[in-house]
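K.L.:
With the numbering used here applied, the sequence shown corresponds to residues 533 to 668, in that order.
Note that these hints are calculated values from the structure, not bench results.
All values reported here derive from a predicted model rather than from experimental measurement.
Honestly, I wouldn't trust all of these hints.
Stated by the list, open to error - Keeping only pairs whose Cα atoms sit at most 25 Å apart, straight-line, the calculated PhoX-like set for lysine-lysine is: (1) K562 x K619; (2) K554 x K599; (3) K554 x K535.
What the hints assert, rightly or not - Distance windows between CB atoms, simulated: (4) V605 x R627: 15 to 23 Å; (5) E556 x E626: 34 to 42 Å; (6) H541 x H624: 40 to 48 Å.
A virtual CB, placed ideally from N, CA and C, is assigned to each residue, including glycine.
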Amino acid sequence: MRKTFALSHPKTKVARLVESIKHEVKKYIKRERNKKLPEGSDYWDFDCKFGNTSEEASEIHLTEINKRIDQAVEAGLESFYLEVMAKVASRHFERRDQAAPTPRTSAESVDADIDDEGDGLFSDYDQDIDADDDLG
Numbered sequence: 533m534r535k536t537f538a539l540s541h542p543k544t545k546v547a548r549l550v551e552s553i554k555h556e557v558k559k560y561i562k563r564e565r566n567k568k569l570p571e572g573s574d575y576w577d578f579d580c581k582f583g584n585t586s587e588e589a590s591e592i593h594l595t596e597i598n599k600r601i602d603q604a605v606e607a608g609l610e611s612f613y614l615e616v617m618a619k620v621a622s623r624h625f626e627r628r629d630q631a632a633p634t635p636r637t638s639a640e641s642v643d644a645d646i647d648d649e650g651d652g653l654f655s656d657y658d659q660d661i662d663a664d665d666d667l668g
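My request is simple: use the sequences and hints to build the entire structure.
P.N.:
Structure follows, in structure tokens:
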């Protein structure tokens with residue numbers, strides 16, 4: 533989608549124009565994501581550009597589109613250019629090295645300090661419980 537959107541219309545309020553532009557972009561993205569992926573690809577990615585004109589357009593991330601549209605409205609622009617092009621992409625996973633030792637967490641440290649006989653951090657608590665059992 534390569535399009536210059538107008539932010540002024542004689543009969544439509546700007547807020548309704550902005551809603552319709554955002555809806556059109558969202559609909560295009562959904563339509564492209566629902567297309568069948570080629571063999572060997574994982575997902576659809578998008579190259580996006582935004583600017584006052586097509587010559588001034590700069591690359592942006594897909595999630596920034598709505599923010600940029602709102603900024604264009606706040607700046608009082610009459611129109612803006614938006615380009616959203618779908619492309620296939622694949623995820624690349626790196627294999628983790630199994631030889632590297634893992635550091636102990638604080639929970640593991642506490643568990644290592646307490647042994648099975650009750651000697652350790654909670655030994656006073658264990659003695660109190662034993663004393664209560666003798667009473668009854």
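K.L.:
Hints first: check each against the structure and report whether it holds.
P.N.:
Going through the hints against the structure:
1. For the hint pairing K562 with K619, the CA-to-CA distance comes to about 13 Å; that is within 25 Å, so the pair holds.
2. Straight-line distance between C-alpha atoms of K554 and K599 comes to about 10 Å, which keeps the hinted pair within the 25 Å bound.
3. Restraint check: the Cα-Cα separation between K554 and K535 comes to about 13 Å, which is no more than 25 Å; the hinted pair holds.
4. Hint check: V605 to R627, Cβ distance near 47 Å, so the stated range 15 to 23 Å is violated.
5. At about 38 Å, the beta-carbon gap between E556 and E626 stays in the expected band of 34 to 42 Å.
6. Between H541 and H624 the Cβ separation comes to about 45 Å, which falls inside the hinted range of 40 to 48 Å.
Comparing the model with each numbered hint stated earlier shows that hint 4 is the single one that does not hold.
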